[in-house]
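Here the protein sequences line up with chains F and V, keeping their order. 81 is the number that our numbering gives to position 69 of the first sequence; each next residue is one higher, with no gaps. 214 is the number that our numbering gives to position 209 of the second sequence; each next residue is one higher, with no gaps.
No lab work stands behind these hints: they were computed from the structure. Some hints could be false.
What the hints assert, rightly or not - Simulated coverage check for chain F against chain V, where a stretch passes if three residues somewhere in it have a Cβ under 8 Å from a Cβ of chain V:
id, stretch
1, 435 to 448
2, 625 to 631
Unchecked claim - In silico negatives: residues of chain V with every beta carbon more than 12 Å from chain F:
id, residue
3, 183
4, 223
5, 270
6, 275
7, 283
8, 381
What you are looking at is a predicted structure, and each value in this text was computed from that prediction instead of being measured. Backbone N, C-alpha and C fix where the C-beta goes; we use that ideal spot for every residue, glycine too.
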Amino acid sequence: MQWMKNSVFIAAFYFMALSAESQHALPDTVLQLDGVTIFSERSGSAKGLLTVSLDSITRDQHPGADLAELIQGFSAAYVKNYGEGTLSTLSVRGTSANHTGLYWNGIKLSPPNIGYVDLSLIQGNFFQDVSIMFGGASPMFGSNAIGGSIQLNNKPVFDPTGLKGRISFSGGSFSRLNSAGNLSLSKGKLYSNTAFSIAGSENDFPYSDLYKKDARMPHAGYFKTGFLQDIAFQLPRNQYIMASAWFQYADREIPPTLLESVSSAIQLDRSWRTMLTWKDFNAKSTWEAKAAWIEEFTRYSDSLSGIYSVIRCQTFNAVFEGYYHLFRNASLSGGLDFSSEYADLDYYSSPAGQQKLAAFAAWVQSFSGSSWKLSLNVRQELQSGYPIPFLYAIGAEGRILKILTGRASFSRNFRAPTFNERYWRPGGNPALLPESSYNAEAGFRIIPLPENVTTFLDFTGFSSWVDNWILWLPGEGGLWSVENAQRVWARGFEVRLNGTRQFRYIKANAMGAYTFSASTNRKKLFELDQSFNKQLIYTPVHRFAFRAGAEWQGFSLYLKGNFSSRVYTTRDNSASLSPWFLLDAILAKSVFVTKRFPLMIQLNLENILDTEYSVTPYRPMPGFNVLITIALNINEENK
Amino acid sequence: MRKINRTFIIDVEVNKSEKIIMMKKIKYSLLPLAFSFVLWLFSGCGDEPVSPPSVWTGNIFIINEGPFTSGTGTIMAYNRTTGQMSGDLFEPVNGRPIGNIVQSIGVYRNMVWIMVNNSNKVEVARYGDFSSVITIDSLPSPRYIAFKGDLAYVSSWNNKIFAIDTRSYKIVDEFPTGTGPDEMVIAGDYLFAVNSGGLGTTNTISFINIKQKEVNGEITVGDRPCGITEDKYGKLWVLCTGNGWNGWPSPETDTPGKLVCIDPSTRQIIGEFPFSDPALHPDNLIINGERSVLYYAYPDGIYSVSVDNPALAVEPLVPSTVMYYGLGYDVAEDIIYAADPLDYAQNGIIYRYSAMDGLLIDFFTAGMVPNGFWFN
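So that you can see chain V by itself, here it is in the shape it has in the complex (with noise of 0.2 Å):
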């Protein structure tokens, strides 16, 4: 969905699955008692953020998006220092499958926000344990989701973004943007969200000043913006994927992929890095925990970026032959974790590598189509 346009590509079937290679299952069925036990202790925390529960530390959310249109999505835990795997954490709990294209997740005041992008709805669910706590309907076409305050802000490709009160599960305001809107970051007073174009093209990021809830304008960085991220000197960098899909090179209307970084206390571009090669296309922008290394996906593997010394790198730091479809940083352990959903009609393959070298730790089964990670 958030790639590839396959709605018309005749015999391409997949589905939603289960199954855990390499690892373990662990048994859910006595989650519920210990969430609950947790929910319990954590019950008088007040609105104020609150650290995580303790229940889940160690544990990595895989978001598995499910199969476009026939299947839904899951989240699934995996365990860092047992290597096990859960199996989907919402529909045991709840009795009914998430939703078709689970896009993102955020937690927040031990609640867990899930962007189910196809069903045009955000779920709410408690974080120890993942039971609905509402349904949030009118939400067209969800992307990403950020916190401030008693406010979260969700992307919507209806070309706006939403504020709904983390109190009340209200829709209090609506934000217009460009095309498209995808991730955001919220620096100071501002809401910064990248206008990846949807299913079309376009090249700018919108700003929103969310204390006055005005919305500002948008700046002109790169063709199709797809990602987003503050660095330690509190600078932005997108990263534009260019316009045009990996493996259909069309030199007509390929344009290459940048980099770009942006002040944004002035909304100015400081820096901008273009891509040298028109038909490939980089994603799924991530940073490191310091804030100092940024990484992205490219067809030929993972590339690093630092922020004190920003150069495009020529060779990957991690060579690959695939394109993966979600990265993730694992702060604890300095480690990458990439999604490849093989076929994207079997479970995909989540692969870890060490950020320092590059090197391959590991790799696991996750679920259909898997593509982001939360690290609790």
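Bound conformation, chain F alone (with noise of 0.2 Å):
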């Protein structure tokens, strides 16, 4: 690409050099961190729901990658999407893009317009806890949180560790470029959080065209950067504040599809996100208050179609939320959250906005003697443009055997309708209802070996009823507009299995996570209409992935898979994609170049088996291609 000069990657290498000079070494060994962590009260105040958190192996793995990458190497979550930097949505457990929360710091991310955010557009690595719940949260975090709520965390660290982190700079096939590092430093009273990302391809891989000829994808570059910037202070009397700053940019090329000759589309994306703390935290309370300003930009232009097309959004997030240990078994939290959202597009008459206002509490009981907890939930939003159900939860979990636990929960759920689907012109339907779920699950957990609590298998069965699901339906007399249309059922199982064992000197893991959800429409849109019972569009019902490797003496060796069964493309079931399974290779060594700075050379070796696929239609995916990464770890045991 034009704009992806060698410039950018020198200036790359000298930040990273400048970097390099205050670093301090870290371990080779790697943690793995799969089960549940809790980073913020209100996703702990929750019980009965499954949370994976991103484990150190894969973000090892995977440096610089964003969410899209990072989220299926740890989860059978699916992601859509057209290739390696692109727009990039996730169904979990049956659902649609929009049903997925994403939220930092608890502040929900997703811009008023379309209500989901490109997950190719967030980077892994600039939080310390990247963790997928799954099922409903709407009652804790609100809209959206239907399929599941991806929480990206960050929290400062008031220890004297001095400097640790990670950079890395990769190269591979395709002419891809990417560094991305993150640097945290904890001095006294002060705590900073660096982390930044630029990458860039030109993604132009090889495949095969329509008339079976060799060609290589034209159009397809992408160049993104960003950077995340916490700095906190500690108060007297265990109190913090701390400011944040997420700047994220990308210029990408939209390729053409195999049916098209030429594309002339491109993107850009340009965010800014702030945020605010305080937090006073104490043995039997946790107060805590966070205000955020988040503005996002898009530029869409296509010159072959005559298209040119600005988004601009604009949210102001406040929350005051506090928790509180009532007795020696129970707890009580709870909070106020308001929003005002604002959103410019030319496709609406005038701009957009809206106030929000929520309230939200929660309550878990524990019971002597006993490892089960109990919670309950409830949230109620205001908003003068539609109704909104009180939204709640109860959930229980515990231990059954020594080597079993239990859990189970039930919550009601809801989506907002986005302001492209009230105000779109033409089309929009300012009298939309939310759409409303009832979400059910119950899983167990076996853990074999109570010292080991990263080795075990848990199942989950789930089952959620989403009515008013919204669609753009043409109407009488060929009359577009969005309706509350569709109920959809989904339900299904998740199994994950995780071991890790040490023989001797060497250190082997596996994981496997496979996800069956039957997503059905359950009500005709028309009399003829064929989606009646049919699986919605763009849900897999099987997802599997696994990824088994070793590590001796520095060195290590991963496999990892992906399989997607068939996806169909039409709502009535007429047209699919083929299923696929992809295999990863990642070979690694640690490298102690000095004990201050252990270097760790890895190896990529992406879709070995050279599998053609397509995730959407005629949209050829990269086969067989490297990356080849060197990373530098800084770390407080070797200050």
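Make the complex out of the two chains shown on their own, each in a separate frame, by following the hints.
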């Protein structure tokens, strides 16, 4: 691409070199953190839900990766995109893209115009914790969290740990280059966390065109960069304040499909997200106030089609919440959440705006002599445009046997109509109702070795009923509009296996995640509707992901597999995309150049079976490709 | 694509399909053999226009434009005698899909010319078996085709009409037009093309003297002319849809549709029949076999207009809650074929109505987003 000049990467290297001046070393071992990791009281107030966190193996194996790539590495959630760095959306438990909420330290990130975030524009290395909470979470977090919610969390650590972090540089096939890093510094009452990412690719991977001739993907390059900065000050009496700023920029060419000869479409995305946090934490109580300002800009242009579109969105969000340990076995938490949203598009008759106020509370009850905990979460949102249902969740989790734990949850959730759905001209429908969902799930976890909680078998069965599902439909007389048209029943089960074992010098590790999700339309859209009782589009029934490997004296070798069953691309299930299986291999070696600066060299061999596949119709995905990474680690133990 | 700019509508995801309800699929695996035989029979027919070979007698081609950007269009054959419906005729023979947004087709000299709008190409295939002859891919946004002599005239939303030699398949000429030339009629030495405005608006038709290869000018008709046909008297009828979109009333910018009659010899307007409601827009002009009755789609059904006693009817011939996306007239049985793409995300439905009384005869499932017909 014209704008992806060497100078950009020279600058990145220069930054790396400067950073490396003050680096400290890190051990070469990796720590598996799969399981429930609570970064916020609000997430922890909901019992009975499964949360899976980005583990350090996945994190290390995909330096500089965006969320789309990372999520496929540690879960069986389905990512829909059309290649590296392209618009990526998520389907969790058979729901669609805007049924997964995305939250940054508890603040909703989805812009009001479309209701979902492009996961390719979220960098995994910017956050200490990346977790997927499966199932309905609207009673805790509000709109959209029907299939699941993704939590991105950072919190300050006021330990005299000095500098720690990781900086990587990668280069690979199709002129792919990226550099990413994160450095945190704790000194006295000051904590600083800096993360950056810069990536670009010509993305001109080879493929077979319609005539079975070899070709290279044209007009598919991208350039992305961003940074995140947290600065926190410790205050007296267990308080701190933290200021955060997160910038993200992407300039992407939109490639043609196999059916188009050329494409001239280009999309530019730019976002600023800032947050101010105050927190007071004690043994019996925690109080937290946050204010966030988010500004998003998108420009889509296509000279061939004569399209030039600019989208501007702004969101102000203020949250005050508290957690109080009431009695010996009970805790109460709650808060208020105010947001003001604004969006300006050429396709609205005038800029759209709305204010929302939500009140939420939770009760968690535990029992003496028992590991069981019960929770009740409630939430009511107020918004003048449409009625929002009273939301609630009841959950339970605890130990059944020494090696067996159980959990269950039932909740009511919702998705508010987006500005596009309400105000798009022509066709937007201001009278839309929110989508409403009831979610139920139950699961158990077998932990055969109580001393090793990272070895387990986890099973969850789930069922959710989503009513007033919003669709664009042509109505009487060809009148296109947005309607609360569909009723969807999404049900299925997930199985998750995790195991680690030490054989003298070799540490073996295996992870497998399988999801069965039948997600069907249960309401006829019109008399001759053939989508009735059919699987929703772009929601595979079977998903399976695994990773297995071993580490020995600084060497590590892992194999990763990813399978998706057929996905339907028409509502009557008459057209589909073939199932696919991808196999990757990751070979890494830690090299202690100095004790202060351990170096890791890694080779990612991706799609080693050279599988030809598509995730969206007529958009081929890359075949076999490689990525070589050099990473420097800095850690407090080598201070 | 033709009616609705849905480029930025989020969550509308539509795609190709091939499932047929109501009718059994025919096994087209044997068709290539049969078609080869037919081709051999007709291989010595020379360059003059000939009657279509008998292999498709009794069949109607259903044109399914396919979902915008994310899938391919298809062409299927419906046998009016047996009621059987084929799958896609193109991809099984050629091992590749036709392309994105099959806008229209034309059949001429044993060749099927397929306008593949969003793929910016014209596919030429043998009429007998749909095996590809050539792909003309240097032609942006083709819409419709008309033939005269050795030339094919293709309207392009590049605001041009291209002349293609039907023997060499080379573009030999091009004529500038107004914005978004669409349907065409050749009357005598003149080619008349409606300027639809593309995704914008305009109100003219262009006329070109194809004998002298000259662009002669434009005739102002009504806003966004969308269809043109020639009646039994040689008069041209132009249907203008009006500014605006059905279902999205915009009092500030909507204008009513209009039916306009033109004398092609003088290029003068000799009759105008404006619609009354600026929020409702007609489309899909067709004419019967005797070229005496016009039909068009309206949001509340299909209307008819006699060319002998022209007046816009108050009541539809075929009342319907569907604004049909494509109409066709089967001369052999005097049946109106009407295409309903349903939600544009599953296979559409073809309704068959008697042209005499407008009564529903039957209906069957077609492919993704059916938009037109070719009657063999």
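Handout entry: Coverage of the stretch 625 to 631 of chain F by chain V, judged on three or more residues with CB within 8 Å
Key = holds (count 3)
Exercise for the section: Grab the minimum beta-carbon distance between residue 270 of chain V and chain F and tell me whether it stays above 12 Å. Expected result: holds (36 Å)
Problem - Least C-beta distance from residue 381 of chain V to chain F larger than 12 Å - result: Its Cβ never comes within 12 Å of chain F, the nearest being 26 Å, so this holds.
Handout entry: 12 Å cut-off, C-beta based - residue 183 of chain V kept clear of every residue in chain F
Key = At roughly 16 Å from the nearest Cβ of chain F, residue 183 of chain V sits farther out than 12 Å, so the non-interface label holds.
Problem - residue 223 of chain V non-interfacial with respect to chain F [C-beta, more than 12 Å] - result: holds (21 Å)
Handout entry: chain V over the stretch 435 to 448 of chain F, status - at least 3 residues with CB closer than 8 Å
Key = holds (count 4)
Problem - Nearest-CB test (12 Å) between chain F and residue 283 of chain V - result: holds (15 Å)
Problem - Claimed clearance of chain F by residue 275 of chain V, with the beta carbon kept past 12 Å - result: holds (31 Å)
The structure fails none of the hints (numbered hints given earlier).
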